[in-house]
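Novice: Model the full structure from these sequences, guided by the hints.
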Amino acid sequence: MFEIRLEKVTKRFGNGLVAVDSADLDVNQGEVMCLLGPSGCGKTTMLRMIAGLEWATSGDIMIAGKRVNDLPARERNVAMAFQFYALYPSLSVEENLAYPLHAEKLSRAEIASRVARVSEALDLKAILKRRPHQLGEGEKQRVAVGRSIVRDPTCFLFDEPLSRLDIQLRQTMRTQIKEILAKLDKPTVIVTHDQIEALTMADRIAVMQKGKVEQVASPHDLFSQPTNLFVASFIGTPQMNLLSATLADIGQMESNGSVRARFAVLGETISAIVDGRVADLAKGSKVTLGIRPRSFEFVDPGTTDALHATVDLTEPMGAETLAHLIEQGADMRCVVQSSVAPATGDRVAVRCKVGQLHVFNESGNLVR
Amino acid sequence: MSKTRTHVIGKSGWPRTLGAAVVSAIYFFPVYYILMTAFKTRPDALAMPIKFLFVPTLDNFYSVFWRADIQGGGSTDSGFSHYFFNSLFIGGTSVSLALIIGTAAAYGFSRFPLRGNDTYLFIILTTRMLPPIIAIIPIFVLFRVFGLSGSYTGIIALYTAFNLPFSIWMAKSFFDDLDRDIEDAARMDGSSEWRVFRKICLPQVYGGLAATFVFAVILTWNEFLFALMLTGTETRTVPVAIARTIGGQVGVDWGLMSAIETLFIIPVVLVTFVLQNQLLRGVTFGTIRK
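Protein chains in written order, with the working numbering: chain A, 10 to 377; chain B, 291 to 580.
It should be emphasised that the hints constitute simulated quantities derived from the structure, not laboratory data. C-beta atoms are modelled at their ideal positions from N, C-alpha and C, and glycine is treated no differently. Mixed in with the good hints, there may be bad ones.
[Said to hold, decoys possible] Derived CB-CB ranges, DEER-like:
no.: 1; chain 1: A; residue 1: 104; chain 2: B; residue 2: 375; range: 39 to 49 Å
no.: 2; chain 1: A; residue 1: 104; chain 2: B; residue 2: 407; range: 25 to 35 Å
no.: 3; chain 1: A; residue 1: 22; chain 2: B; residue 2: 443; range: 24 to 34 Å
no.: 4; chain 1: B; residue 1: 492; chain 2: A; residue 2: 184; range: 30 to 40 Å
no.: 5; chain 1: B; residue 1: 306; chain 2: A; residue 2: 187; range: 55 to 65 Å
no.: 6; chain 1: B; residue 1: 482; chain 2: A; residue 2: 78; range: 14 to 24 Å
no.: 7; chain 1: B; residue 1: 492; chain 2: A; residue 2: 176; range: 36 to 46 Å
no.: 8; chain 1: B; residue 1: 482; chain 2: A; residue 2: 76; range: 18 to 28 Å
no.: 9; chain 1: B; residue 1: 512; chain 2: A; residue 2: 176; range: 30 to 40 Å
no.: 10; chain 1: B; residue 1: 558; chain 2: A; residue 2: 176; range: 15 to 25 Å
Specialist: Right, dumping it as structure tokens:
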């Protein structure tokens with residue numbers, strides 16, 4: 010079994026900065042794990058610790074069942090593709106691809122056949138004799154990927170693999186990398202700050218903030234059950250609406266474990282079916298309600314459980330339109346079908362769709 | 291290609307091109323004058339006003355290597371072929387040594403900093419801050435004590451030491467500018483530190499090192515002061531030998547001197563010409579990458 014396991018890994022730099030703070034992470038065989046977070050959250054440091062390019066201050070890093078904390082990068086047999094590709098400028102594409110194989114003491118013929126196989130798979134045949142500076146961004150990216158898969162490493166690491174590509178290239182490369190990773194069936198860690206990249210490529214995503222792993226979950230779970238306010242606001246475009254509210258009343262517990270609760274929000278009172286554990290909160294507790302822009306539906310003004318607001322601005326996004334609603338200083342973002350989009354200045358009523366209301370307690374954690 | 295050229299001239303305008311030509315001509319004139327004098331007979335070389343039209347002769351070049359005997363009409367070796375060899379050998383060896391040691395030191399300073407790294411670098415730099423003439427007496431004494439005066443070892447060691455600070459600082463700046471990710475990639479690909487240096491870092495700074503080489507060669511090639519004090523008959527370099535042709539009972543033989551100088555310029559011009567592409571890359575290092 011190949012897998013990567015991080016236990017209570019901490020990285021403190023010489024200047025006292027704690028880049029990674031007691032992080033736990035498991036990546037199973039064949040699993041693609043994305044480290045997602047804003048810049049400076051420690052995701053790249055974490056990747057470099059797995060690679061062996063940074064020493065962990067404390068904690069254990071296990072690769073394929075073996076503790077590798079004290080092994081230098083060259084002995085870890087880990088392949089990594091760098092953000093800026095890090096191709097060897099003085100070597101041709103062919104030599105770049107062959108470079109990792111020299112360390113393995115393979116025969117000339119074996120090296121040639123492996124390089125041929127990789128250049129076939131990544132469509133690099135035509136550019137084998139070129140130097141890196143003669144390549145386009147997409148070609149450089151393919152060479153970088155090729156160089157990382159030419160060996161037979163225990164796991165793969167990608168640092169912001171698509172950040173330098175333009176949008177069209179990004180989509181094709183995304184698909185291509187995904188296909189390759191599926192075939193390789195090795196644990197893979199991808200660092201990215203782009204959530205679309207993470208949501209589309211990852212089996213699971215680890216969301217990081219300020220050196221801490223906030224939540225590790227599948228893309229769907231991350232989206233539907235964000236564990237705290239940071240994850241809730243970080244995942245999803247447009248951002249989730251977060252409204253301060255007070256728990257006004259709690260109804261009867263339903264048989265499926267959910268409960269009907271009433272919240273005072275923006276001067277109105279709405280009721281919604283929420284997770285049963287909301288009942289554990291005291292009446293009058295301060296909570297934050299999270300509603301995704303696509304969880305709102307427009308209803309007739311005066312409908313029960315609706316919030317009333319004025320349309321401040323609309324941004325057409327093609328099939329859908331993003332409407333900014335203003336009420337008592339709170340800005341709410343709603344996504345609606347462009348055909349039924351309201352006009353600026355309209356007074357509208359919106360209601361959260363059933364089961365799509367997230368309740369966060371005072372310390373910002375999801376109540377569930 | 292020619293199309294592009296015309297376009298470029300057209301763009302910057304004839305007046306500017308003409309201006310550049312005039313400035314270049316002014317700079318080149320002394321070199322031209324030496325070249326011209328090298329092919330003149332003695333009366334032509336001394337003629338006033340300056341003769342621009344004359345019958346060229348190769349006599350001067352012959353006299354560089356063979357001195358006519360006063361009696362008997364034969365000729366003897368002037369020793370200049372040996373001096374040229376000395377200049378090439380001493381210059382080439384010391385600059386190569388300085389470059390090899392300097393590159394290794396620079397890589398160390400850049401990648402494996404010591405405690406007090408900057409202090410060491412500064413100390414190295416201070417050796418270039420003083421005018422060299424200040425050090426001449428201690429060095430002269432040192433050479434006497436160790437019996438290095440007039441030896442190849444002594445002058446090569448001295449020139450190597452002179453070129454080291456420059457080589458270290460130049461090479462360090464080249465290494466500092468390299469993308470560290472590339473080295474990390476090589477480490478991940480299973481390279482030892484030596485292989486990272488040899489196969490990945492070094493090839494990236496060849497251009498810069500070539501530029502450093504040319505600068506150091508020019509400096510060493512022209513060095514006169516220490517060569518005058520510290521070389522003997524066996525190790526005499528061309529600049530010292532040129533100086534020794536001046537004076538004596540016969541006055542200055544301008545034609546002969548110009549011929550020596552013409553020959554003396556050739557190696558430097560050749561090195562610069564061969565390495566000109568590298569030179570350009572070396573000087574603009576860091577500005578065109580990334």
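Novice: Each hint: holds or not?
Specialist: To see whether the hints hold, each was checked on the structure:
{"no.": "1", "hint": "104/A / 375/B: 39 to 49 Å", "verdict": "40 Å, holds"}
{"no.": "2", "hint": "104/A / 407/B: 25 to 35 Å", "verdict": "33 Å, holds"}
{"no.": "3", "hint": "22/A / 443/B: 24 to 34 Å", "verdict": "48 Å, violated"}
{"no.": "4", "hint": "492/B / 184/A: 30 to 40 Å", "verdict": "39 Å, holds"}
{"no.": "5", "hint": "306/B / 187/A: 55 to 65 Å", "verdict": "57 Å, holds"}
{"no.": "6", "hint": "482/B / 78/A: 14 to 24 Å", "verdict": "20 Å, holds"}
{"no.": "7", "hint": "492/B / 176/A: 36 to 46 Å", "verdict": "38 Å, holds"}
{"no.": "8", "hint": "482/B / 76/A: 18 to 28 Å", "verdict": "23 Å, holds"}
{"no.": "9", "hint": "512/B / 176/A: 30 to 40 Å", "verdict": "58 Å, violated"}
{"no.": "10", "hint": "558/B / 176/A: 15 to 25 Å", "verdict": "53 Å, violated"}
Against the hints set out earlier in the document, violations occur for numbers 3, 9, 10.
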